[in-house]
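Protein chains in written order, with this note's numbering: chain A, 1 to 474; chain B, 1001 to 1288.
By construction, these hints were calculated from the structure, which means they are not laboratory data. These numbers were taken from a predicted model, which means no experiment stands behind them. We put the beta carbon where it would ideally sit given N, CA and C, even for glycine. Hints may contain errors.
To be verified - Non-contacting residues of chain A with respect to chain B, defined by C-beta distances greater than 12 Å in every case (computed):
no.	residue
1	Arg-9
2	Ser-27
3	Lys-52
4	Met-63
5	Pro-67
6	Lys-113
7	Ser-198
8	Leu-230
9	Thr-322
10	Asp-342
11	Ser-376
12	Val-382
13	Asn-433
As the list claims (entries may be wrong) - With a Cα cut of at most 30 Å, we get these calculated DSSO-like pairs of lysine-lysine:
no.	chain 1	residue 1	chain 2	residue 2
14	B	Lys-1270	A	Lys-313
15	A	Lys-390	B	Lys-1232
16	A	Lys-216	B	Lys-1055
17	A	Lys-390	A	Lys-313
18	B	Lys-1232	B	Lys-1194
19	A	Lys-289	A	Lys-313
Stated by the list, open to error - Just a few of them, taken from the derived set where beta-carbon distance is under 8 Å, the chain A residues facing chain B:
no.	residue
20	Leu-244
21	Phe-247
22	Glu-254
23	Thr-266
24	Met-271
25	Ser-279
26	Tyr-284
27	Ile-407
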Amino acid sequence: MSELTNKERMKIPRNPMIEQDAKERASNFKEVNLGYTEDMAVEEAQRCIQCKKPLCIAGCPVMVKIPEFIQLIADRKFAEAAAKLKEDNALPAVCGRVCPQEEQCELVCIVGKKGEPVAIGNLERFAADWERTHTGIQIPESEKPTGNKIAIVGGGPAGLSCAGDLVQFGHDVTVFEALHEIGGVLLYGIPEFRLPKSIVKEEVDGLRKAGVKFVKNVVIGLGETVDELLADYDAVFLGVGAGLPYFMNIPGEELNGVYAANDYLTRVNLMKAWDFPNSDTPMYEVKDKVVAVFGGGNTAMDAVRIALRLGAKRAMICYRRTEAEMPARVEEIKHAKEEGVDFMLLASPLEFLGDETGTLRSMNLQKMELGEPDDSGRRRPVPIKGDIEKIDLDVAVIAIGNGSNPIISRTTPDLKVNKWGNILVDETNMKTNKKGVFAGGDIVTGGATVILAMGAGRTAAAAIHEYLADKSKW
Amino acid sequence: MYKIVEARFIGPEVKLFRIEAPKIAEKRKAGQFIILRVHENGERIPLTIADSSTKDGTITIIVQGIGGTTQQLNALESGDSILDLVGPLGKASNIENFGTAVVIGGGVGTAIAFPTAKALKEVGNKVITIVGGRSKDYVILENELNEICDEVYPTTDDGSHGFHGFVTQKLQELIDGGEKIDFVLAIGPIPMMKAVADVTRPLNIETVVSLNPIMVDGTGMCGGCRAIVDNKTVFVCVDGPEFDAHKVDFKNLTNRNHMYSIQENVSLEKVKDHKCRVDKLAEKEGMK
Ligand SMILES: Cc1cc2nc3c(=O)[nH]c(=O)nc-3n(C[C@H](O)[C@H](O)[C@H](O)COP(=O)(O)OP(=O)(O)OC[C@H]3O[C@@H](n4cnc5c(N)ncnc54)[C@H](O)[C@@H]3O)c2cc1C
Ligand SMILES: Cc1cc2nc3c(=O)[nH]c(=O)nc-3n(C[C@H](O)[C@H](O)[C@H](O)COP(=O)(O)OP(=O)(O)OC[C@H]3O[C@@H](n4cnc5c(N)ncnc54)[C@H](O)[C@@H]3O)c2cc1C
Ligand code: SF4
Ligand code: SF4
Ligand code: FES
Chain A
1 MSELTNKERM KIPRNPMIEQ DAKERASNFK EVNLGYTEDM AVEEAQRCIQ CKKPLCIAGC
61 PVMVKIPEFI QLIADRKFAE AAAKLKEDNA LPAVCGRVCP QEEQCELVCI VGKKGEPVAI
121 GNLERFAADW ERTHTGIQIP ESEKPTGNKI AIVGGGPAGL SCAGDLVQFG HDVTVFEALH
181 EIGGVLLYGI PEFRLPKSIV KEEVDGLRKA GVKFVKNVVI GLGETVDELL ADYDAVFLGV
241 GAGLPYFMNI PGEELNGVYA ANDYLTRVNL MKAWDFPNSD TPMYEVKDKV VAVFGGGNTA
301 MDAVRIALRL GAKRAMICYR RTEAEMPARV EEIKHAKEEG VDFMLLASPL EFLGDETGTL
361 RSMNLQKMEL GEPDDSGRRR PVPIKGDIEK IDLDVAVIAI GNGSNPIISR TTPDLKVNKW
421 GNILVDETNM KTNKKGVFAG GDIVTGGATV ILAMGAGRTA AAAIHEYLAD KSKW
Chain B
1001 MYKIVEARFI GPEVKLFRIE APKIAEKRKA GQFIILRVHE NGERIPLTIA DSSTKDGTIT
1061 IIVQGIGGTT QQLNALESGD SILDLVGPLG KASNIENFGT AVVIGGGVGT AIAFPTAKAL
1121 KEVGNKVITI VGGRSKDYVI LENELNEICD EVYPTTDDGS HGFHGFVTQK LQELIDGGEK
1181 IDFVLAIGPI PMMKAVADVT RPLNIETVVS LNPIMVDGTG MCGGCRAIVD NKTVFVCVDG
1241 PEFDAHKVDF KNLTNRNHMY SIQENVSLEK VKDHKCRVDK LAEKEGMK
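Bound conformation, chain A alone:
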């Protein structure tokens, strides 16, 4: 193949992701995005102009060597591309699917200045999928065993990436997870149609093959405490996530039919309630019902799209600001719209109304308008006096965010947390105030992203490695 000039590269239009038809997919749980073919991937890879000073790398929280892995795809060295990705990213098949690329690596891609950026996320997904389906996940060589033992608390992306790096350094790593499966939000939060569970399982199996030990069904703090772990392990990493759902504190939230997003999502995703009664866990009736989801983030989009797939006759998003302020990934908003989700913007519920059996029947929805900018610089939504609509409603899902789970802080009183219960760390090394204890991911930042949690896990792994070399320093 003759070398392309930069001009020629920039002329190639961005390869769109192949997707399941919107109508069809709105009624199944199969993955929406189908991925690139090899030829599409190679062509997309050719769009990268291989910048001398690649801005994209700095846009990625784990600093994936983007131009290098893309060049390998352009050269059809797909296995090598996957290996290159794994030098920096323990879960590329996951990140290629769920990263908000448009705000990270792709936001700063130079090709995007004039046209559309290189589809870095799609290429990442392609390489990881190629490896998985062609050669199986390859396990990088680990260093010689060091004899150091590390306990990782929480099997979400933060814990997994920390474990992945530490096992490479030759340490003996055990992950303790409260639930009966490993993956954290990747399993119980993000639905199958966006991130197939089999992919998470295979990535976790990869880590297992690399030597990471997994112990499920253990809630650290209630069973063994952090202090007890410190007696048996040389260091502890806390990646327990931000799992404590917020409610809106409006009348009627206790009614049957009103869900916290985590409850609704966990039932459907982790417990497979969509497959009831083959799966024993029940789900409140959604078929032919009216469902409203409150919030504008990824969680809200996932919940509302699940409602469609469970057969809701009307599935709506109620968000108190406008679409521009929605924190969800652009792709999720687009997909939700295509699938037929109703967007009620500038709207906030005042109360839920039920019947004598305590069952949700309707809500009063307050319409808003944008007022003066608030501290964050965004225009504050203010209620339009008297503009209240009563809407019949069967299921309400509250997806306005999560606080930090109190179990670890309650049982580790000397661990410093802020007023929201987030563990305080030195962000350069993820050290907490407690010697030998590191923390990262949502428990430190509050609900954020998969890749930020993974980045924190990596930073902690490097710092743990250094600490283990000389434990007298903290």
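Place chain B with the ligands on chain A using the hints.
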């Protein structure tokens, strides 16, 4: 996998299991519970740790087969295994020397109250137990309680054993007889717990109940187990399960436990299509 080393019925549809779980046996305190999942497609359900042995590394659970999952569980025998089991969960009971403590158990609630009764006795309380059931066969753990408590009063709705009437009537009788009661723990069907709260409220007797909402994770993550106590939302799995009986919104708890009634029926049909379900509901809800 968690191996069952002993399984036997101790009442109609009520089965006792001893299960190998050495770490939980070592850690657990009275009032705490586990969540288990019987098989790959199983539901996660909460069950109280009725007893434990650190020597054998086992915990004891006592299960009333009222629905899909509890009946699947009750079909298991010694030698079988349970797929997933996590615990101890929840806060331990507040154990103090109150003076005279009355522990009231209704139906399988007796099993839930048992470890706390034992702990209350160990710290020096005079412990009086009232164990209720529909009829003689439904009164469980009477002998075990006799060994650890100062007084044990079985009650049955039909008078087939012990006191003829409801547990609250027996409680009232004790009060009227001049027993100075400092603390009451009531665990059983919701209407029973509410009735006990109504008896002790005007007398200002500190009363604790153990709530049994529907749970998923048991770690405070899902918010499904929320209840209203003192007009505030609590997550029973991490803030409880025990709460001040005089402040619990029992009506809301009752409603919320019926959230999946339609689906529960389907599950039950799947597991067993005999035995009238209405029977079981009446049994679980106990007294009217
Ligand atoms: C529905 C939903 C959709 C999302 N979509 C996206 C997306 O598209 N893109 C994106 O980048 N991000 C998304 N996010 C955010 C992202 O998933 C999180 O930021 C990320 O998972 C945080 O990782 P973590 O490892 O810190 O925590 P988690 O993933 O929450 O994992 C923590 C783990 O720790 C376990 N645990 C908790 N307490 C204990 C304990 N005491 N002992 C043992 N184990 C414990 C938990 O069970 C859990 O498995 C989404 C989040 C949700 C809820
Ligand atoms: C902290 C805690 C401790 C518990 N300890 C014990 C115990 O030691 N032994 C025991 O037998 N049970 C105990 N329970 C109750 C037990 O968890 C339920 O009976 C079980 O989840 C029912 O599951 P199922 O699939 O068999 O029945 P389902 O089909 O789910 O329910 C059948 C019927 O029971 C009602 N119901 C549903 N969930 C509950 C519930 N949590 N409590 C009461 N009624 C319910 C339903 O409304 C329905 O009428 C405890 C519950 C909690 C929250
Ligand atoms: S990990 Fe996420 S941010 Fe980094 S290169 Fe991949 S898609 Fe971009
Ligand atoms: S900024 Fe864009 S064009 Fe430049 S190296 Fe990165 S991906 Fe390629
Ligand atoms: S069971 Fe999920 S929060 Fe209590």
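Right, here's what the structure says about each hint:
{"no.": "1", "hint": "Arg-9", "result": "holds, 47 Å"}
{"no.": "2", "hint": "Ser-27", "result": "holds, 20 Å"}
{"no.": "3", "hint": "Lys-52", "result": "holds, 46 Å"}
{"no.": "4", "hint": "Met-63", "result": "holds, 31 Å"}
{"no.": "5", "hint": "Pro-67", "result": "holds, 40 Å"}
{"no.": "6", "hint": "Lys-113", "result": "holds, 42 Å"}
{"no.": "7", "hint": "Ser-198", "result": "holds, 15 Å"}
{"no.": "8", "hint": "Leu-230", "result": "holds, 17 Å"}
{"no.": "9", "hint": "Thr-322", "result": "holds, 28 Å"}
{"no.": "10", "hint": "Asp-342", "result": "holds, 25 Å"}
{"no.": "11", "hint": "Ser-376", "result": "holds, 26 Å"}
{"no.": "12", "hint": "Val-382", "result": "holds, 27 Å"}
{"no.": "13", "hint": "Asn-433", "result": "holds, 23 Å"}
{"no.": "14", "hint": "Lys-1270(B) x Lys-313(A)", "result": "holds, 28 Å"}
{"no.": "15", "hint": "Lys-390(A) x Lys-1232(B)", "result": "holds, 26 Å"}
{"no.": "16", "hint": "Lys-216(A) x Lys-1055(B)", "result": "holds, 24 Å"}
{"no.": "17", "hint": "Lys-390(A) x Lys-313(A)", "result": "holds, 18 Å"}
{"no.": "18", "hint": "Lys-1232(B) x Lys-1194(B)", "result": "holds, 18 Å"}
{"no.": "19", "hint": "Lys-289(A) x Lys-313(A)", "result": "holds, 5 Å"}
{"no.": "20", "hint": "Leu-244", "result": "holds, 6 Å"}
{"no.": "21", "hint": "Phe-247", "result": "holds, 6 Å"}
{"no.": "22", "hint": "Glu-254", "result": "holds, 5 Å"}
{"no.": "23", "hint": "Thr-266", "result": "holds, 5 Å"}
{"no.": "24", "hint": "Met-271", "result": "holds, 7 Å"}
{"no.": "25", "hint": "Ser-279", "result": "holds, 5 Å"}
{"no.": "26", "hint": "Tyr-284", "result": "holds, 6 Å"}
{"no.": "27", "hint": "Ile-407", "result": "holds, 6 Å"}
Every hint from the earlier list agrees with this structure, and none is contradicted.
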